[in-house]
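Going down the list, the sequences are from chains A and B.
Once you know that position 122 of the first sequence is 110 in the numbering used here, the rest is easy, because the numbers rise by one and skip nothing.
Once you know that position 244 of the second sequence is 232 in the numbering used here, the rest is easy, because the numbers rise by one and skip nothing.
Watch out, some of these pointers could steer you wrong.
Claimed, not checked - On the chain A side, residues computed to face chain B include the following (Cβ under 10 Å): (1) 210; (2) 284; (3) 340.
Said to hold, decoys possible - Label pairs and their in silico Cβ distance ranges: (4) A:365 / B:277: 30 to 38 Å; (5) A:428 / B:342: 30 to 38 Å; (6) A:272 / B:356: 28 to 36 Å; (7) A:30 / B:361: 29 to 37 Å; (8) B:435 / A:318: 27 to 35 Å; (9) B:263 / A:219: 39 to 47 Å; (10) A:244 / B:435: 48 to 56 Å; (11) A:168 / B:365: 25 to 33 Å; (12) A:98 / B:349: 53 to 61 Å.
The hints are simulated quantities; they were obtained by calculation from the structure and are not laboratory data.
Values in this document were obtained by computation on a predicted structure and should not be read as measured data.
Backbone N, C-alpha and C fix where the C-beta goes; we use that ideal spot for every residue, glycine too.
Spelled out from the first residue to the last, the chains are:
Number of protein chains: 2
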Amino acid sequence: MGVSRGSDRGGELASVLDRLAAEREPALGRLFRLLAIPSVSTDPAFHAHCLAAAEWCAGALREIGFEAEIRPTSGKPIVVGHWREQSAGARTRVLFYGHYDVQPADPLEEWSAPPFSPQLTPDPRYGTVIVARGASDDKGQVMTFIEACRAWLDVHGRLPVDVTVLIEGEEESGSPSLAPFLEQHAEELQADVALVCDTGQWDERTPAITAFLRGLAFSEITITGPSRDLHSGIYGGPARNPIKALTKLMVELHDADGRVTLPGFYDDVMRPSEAQLAQWQSLGFDAAAFLGGVGLREPAGEAGVSVLEQLWSRPTAEINGIFGGYTGPGTKTVIPSRATAKLSFRLVPNQDPRKILDGLHRFVAERLPPDCTASFAGEGGSPAVGFDTAAPAFKAAAKALEQEWGKPPVIIGCGASIPIVESFRSRLGMEALLVGFSLDDDRIHSPNEKYNLESFIKGARSWARILHELGGADADAGI
Amino acid sequence: MGVSRGSDRGGELASVLDRLAAEREPALGRLFRLLAIPSVSTDPAFHAHCLAAAEWCAGALREIGFEAEIRPTSGKPIVVGHWREQSAGARTRVLFYGHYDVQPADPLEEWSAPPFSPQLTPDPRYGTVIVARGASDDKGQVMTFIEACRAWLDVHGRLPVDVTVLIEGEEESGSPSLAPFLEQHAEELQADVALVCDTGQWDERTPAITAFLRGLAFSEITITGPSRDLHSGIYGGPARNPIKALTKLMVELHDADGRVTLPGFYDDVMRPSEAQLAQWQSLGFDAAAFLGGVGLREPAGEAGVSVLEQLWSRPTAEINGIFGGYTGPGTKTVIPSRATAKLSFRLVPNQDPRKILDGLHRFVAERLPPDCTASFAGEGGSPAVGFDTAAPAFKAAAKALEQEWGKPPVIIGCGASIPIVESFRSRLGMEALLVGFSLDDDRIHSPNEKYNLESFIKGARSWARILHELGGADADAGI
């Protein structure tokens, strides 16, 4: 009485956060035990360790009250755990995704400590960091969520929403078993939203939600000219060289302003809102550092479009590979019969990969020089993803993150597609919420991978708050 | 008295030609014995046969009065034979070149008779043809010269000029031993002109002297952009793609009229004389058939320049190979760090390969986009050759061929360089006279190689006449 439900629920969260604070040491111990298992999925020699990691995750879920199982696949098993409120009616239900497998640790000699002997190490910038293979990608991130659930269940005996946890073991191997598994268990895995914890923050003080993922269309084009390879002495001059024809097409893919010239290429392009663009503008993204890190100084691409906007919200045409004629050592004066280029197009929301490839075919047909034919192979693609930032789950997460970090999350894009997001969409008809706490300098896939201790602590607190918000926290229940 | 020296010498030739007619059967027998030796130089299994062919050639030369030896090299031996008039003063001296080695005969199943069992076969177009590996390239051609010498020596006991015969055994393997051999024996092999019998006629009724050989300059250019291969999702758009930069350079190598745009490229280009161009015009070269044979219809290259003129007298820029990025099966969305093209330039007389490559370096430097560097590797080249058609030996050969064939020889070009010609120039300071009797449809290097019986007969007669003319035949001594 006199205590509003909002305050009730605010208090509910506060005790969970307290519990997380009290559990810091044991939580770290649990993470270290998982990190100690060398669950490298790409190397068959580590297969048993992958099974052990799966067992460990299932056990951790069972320990806190989930019904958890290891499900076999044709590759590494997938861990599935459920926590559902039996008595309740229609509740929000989330599907959490992470992976227990890690990248190989090579080169071992570049690690300052053994990669599967996790260490707490002082760091001049970040205070204390957890160093181990998988610390950031993805075991540390997975455990932020499990620790948040543990605290909720420890304190309240329940979670604010129904939760299914899915932890796969082949993410570093291209997730070959995941899509069929989702399809096969679609009903069991159905949820309102997928929570994916495998992405990063904007910086160590600024949380982020990844809301734009570029799509992809790809094609391999082969231009054939003469019916066989020709001696360039005997035929050089009047004989058409397909390398020449191919390079001309490749150049003409872009105009002088760096815009893609395929017919209709920009017809369906959706731009982020002005507000979104303004937010990106305000981020103070260091384009010089981004490009400088790979030896570049001047941004290429579309004239007048910022690097960040290009990466997160503009479509591209790229030549990923080219080959034709003699490519061995030394000289061979041949005019080849054919030349091939591998092309890919990064797409933004609303662009249809099929339509883009149709445009490519038209583009080539219109420009094909005499005596040349074009063939296309290995085509495919997937559309871009733009999450609805006004969706309830998105808003809930944004609010929770702002409460934890003291500033609203940056809504960021990712230039690349994330295949699992596409799988959740296409196999389960489910949107994803991409929230993670890694940082760009976590050295994932490299020696001395680390996860900030603060990422681990505040990550778990963030999830505790997100679960709270997803469960319908009062809009005023600020903590 | 009353009988002019011209008539004397005309009679001298007539008897040689009569002798050749009388010797037809035994001459064919000799050629067949040489053709029966499978002297494939590229296959070590045939090494002993190569030695046998060398022995056979040396024996054939000794039999007709040459001092002949087999000279070892680090590869196949070289046959050298001399016939010199001991008593004479300064006489014209020629160095005849041919090769006793042959291409492999594979695929054997496509031969209508065993490749080293020479056959006389009726031919609907040419009457009778000699079918065997090496019949045209080059044993048949070598024997036209040796038979001409035999007839001269049989009838007159002397040759009109001093003759050195050099028959190598590695022509089909790139002649690795020839250039050092020439250098080592420069004094012994010195002559006024080299007679090279390894080329062809214009057609079966029209003799030819090859007087233009294009030169070559070559380079491998690598464009480097980012310091490492990049993920096209993460970097695609603002990151400069070196394949793009390279393809642009490749396109800009030519202008819209197909002319090469390297600075100074045409500065030193020597054009054939108007008379020479007119002769080529009059040849009725079937460009459609030439291009059609390799699946092409429309001539590429320089606008407004005929196919024959392009091939024989115009310089070119060709992309012989290109590679960069991912070239394996399937898709890999990479922006590569570097891309490479192999370029070659066919040169015409007076162009300097070094100057052409300098022009390439300037061309690239002027066009290099930001953040890209260019490096060049494997550069080299050799100048074009244009023989002086007014030189005495050239005129003598032209006159002799006209007398034999009833029409003047066509002065033709060859789009490719012929390395031995360059070797005679650079090692012995000697020009070459390229006269041969093969035809385009002799199927050299292919199954069922043939040499027309008439090529063999009239080839020997042609050499008998050429020797006569080189020896200073009276200008009126027509036969």
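- For the range 25 to 33 Å, tell me whether the beta carbons of residue 168 (chain A) and residue 365 (chain B) fit it or not. violated, 48 Å
- Query: Okay, residue 435 (chain B) versus residue 318 (chain A) on CB: inside 27 to 35 Å?
  - Reply: For residue 318 (chain A) against residue 435 (chain B), whose Cβ atoms are near 29 Å apart, the range 27 to 35 Å holds.
- Interface restraint verdict for residue 284 (chain A) against chain B (beta-carbon cut-off 10 Å): holds, 5 Å
- Quick one: are residue 263 (chain B) and residue 219 (chain A) within 39 to 47 Å, going by C-beta? Violated, at about 29 Å.
- Would the stated hint for residue 340 (chain A) survive a check requiring a Cβ distance to chain B of less than 10 Å? Since the shortest Cβ distance to chain B is 18 Å, the answer is violated.
- Can you let me know if the beta-carbon spacing of residue 428 (chain A) and residue 342 (chain B) is within 30 to 38 Å? violated, 49 Å
- Per the hint of 53 to 61 Å, is the separation of the Cβ atoms of residue 98 (chain A) and residue 349 (chain B) within bounds? With a Cβ separation near 39 Å, residue 98 (chain A) and residue 349 (chain B) fall outside 53 to 61 Å, so the hint is violated.
- Task: Hint says 28 to 36 Å; check whether the CB-CB distance for residue 272 (chain A) and residue 356 (chain B) agrees.
- Result: The hinted range 28 to 36 Å holds for residue 272 (chain A) and residue 356 (chain B), with Cβ atoms some 31 Å apart.
- Range hint 30 to 38 Å (beta carbons of residue 365 (chain A) and residue 277 (chain B)) holds or violated: Taking Cβ atoms as reference, residue 365 (chain A) and residue 277 (chain B) lie about 33 Å apart, which means the hint holds.
- Message: Please check whether residue 210 (chain A) passes as an interface residue: C-beta within 10 Å of a C-beta belonging to chain B.
- Response: violated, 12 Å
- Can you let me know if the beta-carbon spacing of residue 244 (chain A) and residue 435 (chain B) is within 48 to 56 Å? holds, 53 Å
- Query: Within 29 to 37 Å or not, the Cβ separation of residue 30 (chain A) and residue 361 (chain B)?
  - Reply: Given range 29 to 37 Å: holds, Cβ gap about 34 Å.
Hint check: violations occur at hints 1, 3, 5, 9, 11 and 12; the rest are consistent with the structure.
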